[in-house]
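Undergrad: Each chain, letter by letter, is given below.
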Amino acid sequence: MFRLAPLILRNIFRHRRRSLLTLASTAVSLSVLGLLIALFQGFFFAPASSPQEALRLISRHKVSLTNVLPASHEARIAAIDGVVSVSPYSWFGGVYKNDKPENFFARFAVDPEELRKVYVDYKAPDEQWKAFTRNRTGAAIARKLADKLNIKIGDRVNISGDIYPVNLELKIEMIYDAPPNNDAVLFHVKYLTELRKAAGEADADTVGTFAILARSADDVPRIGRAVDALFDNSPSPTRTESEREFALSFLAFLGNVKLYLAVICAAVTFTILLVSANTVAMSVRERTREIAILRTLGYSPMEILQTVIGESVLISVVGGAVAIAFTLGLTTLGSSALGPFGDTIKFTPQVVLAVGVTAALIGVLAAIVPAVLASRRNIVESLRYAG
Amino acid sequence: MGVPLRYNLRNLVERKGTTLMTALGIGLTVAVLITSIAMKRGIDSVFAGSGNSEQAIVLRTGTDSELNSTVKEENYQIVRRLPGIAKDASGEPLVSPEAMTVVNLPSVENPNGMNVSVRGLLPIGLKLRESAKLVSGRWNDPGKREVVVGEGIASRYPAARVGGSIQFGRGSWDVVGEFVNGSSSSNSEIWADLNQLRGDFEQQGGSNSLLVRLESVAAVQTFTEAVKNDQRLGSAAIPEKVYYANLTKSSTGVVLQSIGFLVAVVMAIGAGFAAANTMYAAVARRSSEIGTLRALGFSRASILKSFVLESVALALLGGVVGALLAAPLNNLSAGIGNFQTFSETAFKFQIDAVAISGGLIFAALIGLVGGFLPAWSASRKGIVAAMREG
Chain A
1 MFRLAPLILR NIFRHRRRSL LTLASTAVSL SVLGLLIALF QGFFFAPASS PQEALRLISR
61 HKVSLTNVLP ASHEARIAAI DGVVSVSPYS WFGGVYKNDK PENFFARFAV DPEELRKVYV
121 DYKAPDEQWK AFTRNRTGAA IARKLADKLN IKIGDRVNIS GDIYPVNLEL KIEMIYDAPP
181 NNDAVLFHVK YLTELRKAAG EADADTVGTF AILARSADDV PRIGRAVDAL FDNSPSPTRT
241 ESEREFALSF LAFLGNVKLY LAVICAAVTF TILLVSANTV AMSVRERTRE IAILRTLGYS
301 PMEILQTVIG ESVLISVVGG AVAIAFTLGL TTLGSSALGP FGDTIKFTPQ VVLAVGVTAA
361 LIGVLAAIVP AVLASRRNIV ESLRYAG
Chain B
1001 MGVPLRYNLR NLVERKGTTL MTALGIGLTV AVLITSIAMK RGIDSVFAGS GNSEQAIVLR
1061 TGTDSELNST VKEENYQIVR RLPGIAKDAS GEPLVSPEAM TVVNLPSVEN PNGMNVSVRG
1121 LLPIGLKLRE SAKLVSGRWN DPGKREVVVG EGIASRYPAA RVGGSIQFGR GSWDVVGEFV
1181 NGSSSSNSEI WADLNQLRGD FEQQGGSNSL LVRLESVAAV QTFTEAVKND QRLGSAAIPE
1241 KVYYANLTKS STGVVLQSIG FLVAVVMAIG AGFAAANTMY AAVARRSSEI GTLRALGFSR
1301 ASILKSFVLE SVALALLGGV VGALLAAPLN NLSAGIGNFQ TFSETAFKFQ IDAVAISGGL
1361 IFAALIGLVG GFLPAWSASR KGIVAAMREG
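Each protein sequence line maps, in turn, to chains A and B. The numbering used here applies: residue 1 is where the first sequence begins, and numbers increase by one. The numbering used here applies: residue 1001 is where the second sequence begins, and numbers increase by one.
Heads up, some of the hints might be wrong.
Using C-beta positions, here's what the derived DEER-type ranges look like [to be verified]:
1) A/Leu333 to B/Gly1171: 48 to 56 Å
2) B/Glu1130 to A/Asp203: 33 to 41 Å
3) B/Val1255 to A/Asp218: 45 to 53 Å
4) A/Leu333 to B/Asn1229: 44 to 52 Å
5) B/Asn1331 to A/Ser234: 36 to 44 Å
6) A/Asp203 to B/Gly1171: 16 to 24 Å
7) A/Ser234 to B/Arg1232: 33 to 41 Å
8) A/Pro221 to B/Val1255: 29 to 37 Å
The set of hints was computed from the structure by calculation and includes no laboratory data. On a predicted model such as this, the values are computed, not experimentally measured, just so you know. Glycine included, each C-beta is placed from N, C-alpha and C at the ideal position.
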């Protein structure tokens, strides 16, 4: 095979423009494939953001997130065997400053004392936890978010409500380090309930979702079933899922994303395959006589096959390498475009591997038919071929 | 004088294999684009078809979604007396108090259930929706636990068909009718009696929103001002059209569309390179022919034009292939979620003249850009050198 390497390289460099165009076409298309693979991975195969993620469950109203649960569910969930602790974790919505996308971030009403037990992976100094717990109008903010919005300890943050008819006036007491996709501002659920009662809401003592910490990962499915069974016949039935399943249920909301991405990936791959196969076929056809001469010089059909496939694979793989560099750029762009959900698109070794393997496979598959045909062609007839 | 187009078309036929492969590559790219346009047009038509320009919707100040809004009974009475409101035959102001809630229905694709909007209406609500027509069955009886379903619901949820019953709130509701309301998003709603529905969700009196018919389009502006300036209400009125336009923006379909357009554009760059490759090969193969054409007196410009046209013809063939590939999706019904209403809205892919011509123009552009440089190099060839080559 290595004996043929100089011949393969010469063939590639003989038609520089064609090789470059094929390479560019492969690289551009493969990079979009890389982006889609990164997205697919972020959606469906994201690694656990922290070891604790596997221990947590989220319980919400069976119908939808817009239906709320009575706060009294908390004590009943906490009594279930295997539950270590429970905290309300209610989506507040609202508007910070204005409705520009950069000012959009998650705001949750929580019980700080319980939250600290459920989210052991939220790291902050002990005195900050205590200050946050003590101050009813206190709030905690994730470090990444604090840096982005330029918010410091002691700052006042006002958020006007849209889901709830109340406005929050918060003081930042804690800045915490959180695993990916956990950037939020957290505040006391008690404060929210107080405001809602003052605003005259009839059923102010309600919670959107509960976060539950299980004793062990093995307990998670059983606890989920136990919680749902507990409230099955009550006016407020629940749906309790692991944190991962809960996140995926949002995705189901986008429609059949899995199928959509898979179909587009298939279309992209097939297009690259067609383009590459076409180029190989053109090259081989032009070299019909040349190949016949090589055969008369004693090259075996196997060696001809190898030169053609080698050339195609080499162009594809170099295209793949360029594509990987493009993918890095695209994923960085895509990630910043997604803002708070930016962690969904990540450039990982798996993406590199997937693009690389696809490139190599395309190189082989594109060349196989023209290569076999070229190696089998009758020598005398080929020599007569006018081109 | 130009080189006859037949010369180019015959050449494309002559190189069948290469032509088909290049066209198929461009075709797949175009298919992705056409699908994205069809999806966008389907979603847009749902929301553009929703809302009446003579109507406004009254919500609690600070919210832009019916779900989070509440309007008290006494405010309903105040709004009814505001000026400029249209009246029905019996002199009743056309103000419809409405409830909105989300329920979970299992579907074929999603056994865990998808969220669907249920709207609670009084009989007057139908007077503000004259365009809603029964497809089968009858309208619901306000005194009973009965619902009518939009056609988008009936086609996607097996249980929610006339004669069936669905479970939500405090129990079972009979489906007694199916309606269609133009292409609007109400086709993805279930309608029930306002009081029955509010009772099920323990909300006594009042409503989520008020839908108001004004005497004219101009009166809508005056009405929204009047609501805003009435300190007693704590409500805001939004023109119904504006309300639905905002819903389009927060629909999750926008995410998938954007992915589709991005992929189509990047694939087009790849397909453009491929078209260039094919055309360079064509130019190289036909070197002596080009020399002959030049010797016959065809100008460099006509050679350039001829090869560009050949490339565009090749790409247009790809465009047609793309349209054929995308065609089976026409009218396919799909659902998109909406983070504003937390429910699903059905839409249909619209592979219409706009989507197809968009795809063909896109294909022609790929051909034009990909074919220009090869055609340029063909037109620059010297006559003698060209005839000697190949």
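Undergrad: Now tell me, hint by hint, if it's right for this structure.
TA: Quick rundown of the hints versus the structure:
no.: 1; hint: A/Leu333 to B/Gly1171: 48 to 56 Å; result: holds (51 Å)
no.: 2; hint: B/Glu1130 to A/Asp203: 33 to 41 Å; result: holds (36 Å)
no.: 3; hint: B/Val1255 to A/Asp218: 45 to 53 Å; result: violated (36 Å)
no.: 4; hint: A/Leu333 to B/Asn1229: 44 to 52 Å; result: holds (46 Å)
no.: 5; hint: B/Asn1331 to A/Ser234: 36 to 44 Å; result: holds (43 Å)
no.: 6; hint: A/Asp203 to B/Gly1171: 16 to 24 Å; result: holds (21 Å)
no.: 7; hint: A/Ser234 to B/Arg1232: 33 to 41 Å; result: holds (37 Å)
no.: 8; hint: A/Pro221 to B/Val1255: 29 to 37 Å; result: holds (31 Å)
Hint 3 alone, counting from the list given before, is not met by this structure.
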